[in-house]
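A.B. asks: Sequence:
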Amino acid sequence: MPKQQANRKRLLIDPQVQWALALRVLMHWGMLMVCLLMANTMLTLLSMAGEKPLTGAVGEAVRHQVPLMLVLLVLIPVFIRDTLKLSNRFAGPMYRLRIALKELGGENGETRPLKLRDGDYWQEVAGEFNAVRDRIEQLEAENQTLRMAEHPPTQAPAEYTSL
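1 is the number of the first residue of the sequence shown in our numbering; add one for each residue after it.
Hints are supplied without guarantee of correctness; some may be wrong.
With a cut-off of at most 30 Å between alpha-carbon atoms, the simulated DSS-like pairs for lysine-lysine come out as follows [said to hold, decoys possible]:
id, residue 1, residue 2
1, Lys85, Lys52
2, Lys115, Lys102
3, Lys85, Lys102
4, Lys9, Lys115
5, Lys9, Lys85
6, Lys115, Lys52
The hints are simulated quantities; they were obtained by calculation from the structure and are not laboratory data.
In this text, all values refer to a predicted model and were calculated from it rather than measured experimentally.
Construct the entire structure; sequences and hints are all you get.
C.D. replies: Okay, here's the thing in structure tokens:
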């Protein structure tokens with residue numbers, strides 16, 4: 001049975017990206033609420049046509065929308081949290097890739113193979129990165145071999161080798 005990786009402990013892996021996504025969801029949610037309020041109010045007004053004066057009907061139509069608006073307001077934090085958790089499945093892999101690329105481009109140029117969590121998006125990116133990483137390691141080893149062949153280390157004089 002394969003060992004399962006632990007769930008992420010942080011809600012925000014890449015706050016800039018994830019908050020932008022959450023704000024977009026919030027904006028669409030707000031537009032949905034306004035549209036629902038307008039549509040339901042209009043339908044309520046049309047159903048009351050002729051029964052009540054317009055001023056009283058508008059107030060009553062808006063009051064009928066209060067339960068719906070309360071439910072939608074209570075649900076918005078749930079939707080935002082779920083959006084942030086879902087975004088971890090693509091923000092997490094990109095965060096790990098950025099760290100691995102930074103290590104690979106660093107002074108010693110060494111990094112471990114990239115392994116993403118089960119359920120993360122872009123699993124193929126890890127395989128592609130690892131192929132590039134392996135190729136770079138192979139080329140570095142070949143470069144080192146060529147350097148050694150061109151400039152073999154000089155041998156110490158005999159008097160120093162006997163010490």
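A.B. asks: Tell me the numbers of any earlier hints that the structure contravenes, in ascending order.
C.D. replies: Violated hints: 1 and 6; rest satisfied.
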